[in-house]
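**Q** Chains P and S are the protein sequences, given in the same order.
Per the working numbering, the first sequence starts with residue 1, numbered consecutively.
Per the working numbering, the second sequence starts with residue 1, numbered consecutively.
Treat each hint with caution, since some may be false.
[Claimed, not checked] Going by beta-carbon spacing under 7 Å, a handful of chain S positions derived as facing chain P:
1. S126
2. F129
3. F134
4. R159
5. G160
6. K174
7. T186
8. V187
9. T188
10. A195
Just so you know, these hints were derived from the structure itself, not from any lab.
Where a beta carbon is used, it is the ideal one built from N, C-alpha and C, also for glycine.
Number of protein chains: 2
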Amino acid sequence: MSEARPMNGIEVARDIMERAAERAAQFEARTGAKPCLATVLVGDDPASVTYVRMKRNRCAKYGIESRHVPMPETITTEELVSAITELSNDPSVHGILLQHPVPHHIDERAAFDAIAATKDVDGVTSQSFAAMAFGRDGFASCTPAGIMRLLDAYDVDPRGKHAVVIGRSAILGKPMSMLLLARDATVTVCHSKTADLPSLVRTADIVVAAVGKPEFVRGEWLKPGAVVVDAGYNEGNVGDVAFGEARTRAGLLTPVPGGVGPTTIAVLLEQTVTAAFRQQQISA
Amino acid sequence: MSEARPMNGIEVARDIMERAAERAAQFEARTGAKPCLATVLVGDDPASVTYVRMKRNRCAKYGIESRHVPMPETITTEELVSAITELSNDPSVHGILLQHPVPHHIDERAAFDAIAATKDVDGVTSQSFAAMAFGRDGFASCTPAGIMRLLDAYDVDPRGKHAVVIGRSAILGKPMSMLLLARDATVTVCHSKTADLPSLVRTADIVVAAVGKPEFVRGEWLKPGAVVVDAGYNEGNVGDVAFGEARTRAGLLTPVPGGVGPTTIAVLLEQTVTAAFRQQQISA
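This is chain P alone, in the form it adopts within the complex (with noise of 0.2 Å):
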């Protein structure tokens, strides 16, 4: 039996991040400053740590700014919302990420939308989510947008695919539906009510798995040749999809590392740089 492509997110990744770095610097030659990218981060979960260390590591080494902003984990959503505000009108900080998800007594959407538009880098607000639905400019959610390029990378081409969103959160599986629409694709988003989804994800040429379930996409499950995409991350680097079953009936399959993580990452750094850019009103 032949064995799925992997799509190495590692590659697509840098390749991203080389010419964010490169335009990075042509803003820094042009403005005396780097783009700089605000990081909130309520608490101290230590996934979410993580998280954002990994993002910041990234921003430095690509030359981007970053600024951490730790907030308490017993802060108000008043609080919350007039700290971001702030930096939505600080002119020295061209992107926010708020790192998902909040403390649950937090009113997360109102969180999000209290980042400005030209700011939202990490494309989470309200006004970012209807621009991918309308096709109209503004910042992508970075892991579907990540997603998107993973596809363009390995020419898998949406249009006329049927592709099945498993999972409907505001941040990943909304938006993916969104992207794929917006690229021709037939688009089924399935979630926890959905009555047999294996026949559902059987159809699909497009499988993108975003439920936070180790291994529940199992491989017989899928279509033989199908693009099988793992934007789950669960504990013991596992994702979504079972990877030794569907690599035996995948026709291309991201791994869990490897796969999803970086490029959501590399969206997240050419967004803030793309931010720097608009804001100063300077072509890159």
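Fit chain S to the supplied structure of chain P, relying on the hints for placement.
**A** Positioned in the frame of chain P, the structure of chain S alone reads:
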């Protein structure tokens, strides 16, 4: 062969409008003014003229004031945005309807987004779209919201059902899919680039046709017993579904006219009254 039960939009709409009329009367008793809907019409497309007249007649009948704002075909995007912004800032206007479509030279999205979210009783702004998608408080797009009311009136629970939406417009297909998803349907969005649409439709428990092509959806495409909602309206009182064929396959079926259309207007009236109460910060 058993015949599909018709979904009577006229009855469902009448219930909604009679309740809206009661609340409009309460609003007038308490504030001395009727709820007021501004209807903005650009140009003189005969169908649009008719739609706006129908909406204004319904308003008048149910105790809602309407203020008609006709604009010349030659208006620029900037002029239209400026006129809508003025209505957004006018405290005597509670709701704003910009009749779709506007002439091609106008940026319709920019015009829609000039409507204040608090007055977006037609549910067309980016903010309203995101609110629908994220299950947040806000006004819903009237036609999709009217369809949800039809489903509710006929005890169709979308949860766990497979809903196939044919069409992906910003004011119909996309918000429809978000509302169905919010009610736990598995949702597939199809369009002109979809491969083998008949086979996909055959898997649907709920079909929403919103393509604008007369009798496009054929009876033989339908799963026997499916709930079929025809959101199309084509010249000569013809919908997007081949009614005669569908009647022998569907379980529930909306007629054209008298199905989706009346509920669209009913939701517009209802949301106008709700907007009026909210802007006065009094409860109904």
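**Q** Work down the list of hints and note, for each, if the structure agrees.
**A** Against the structure, the hints come out as follows:
no.	hint	result
1	S126	holds (3 Å)
2	F129	holds (5 Å)
3	F134	holds (5 Å)
4	R159	holds (6 Å)
5	G160	holds (5 Å)
6	K174	holds (6 Å)
7	T186	holds (4 Å)
8	V187	holds (5 Å)
9	T188	holds (4 Å)
10	A195	holds (5 Å)
When each numbered hint is compared with the structure, no violation occurs for any of them.
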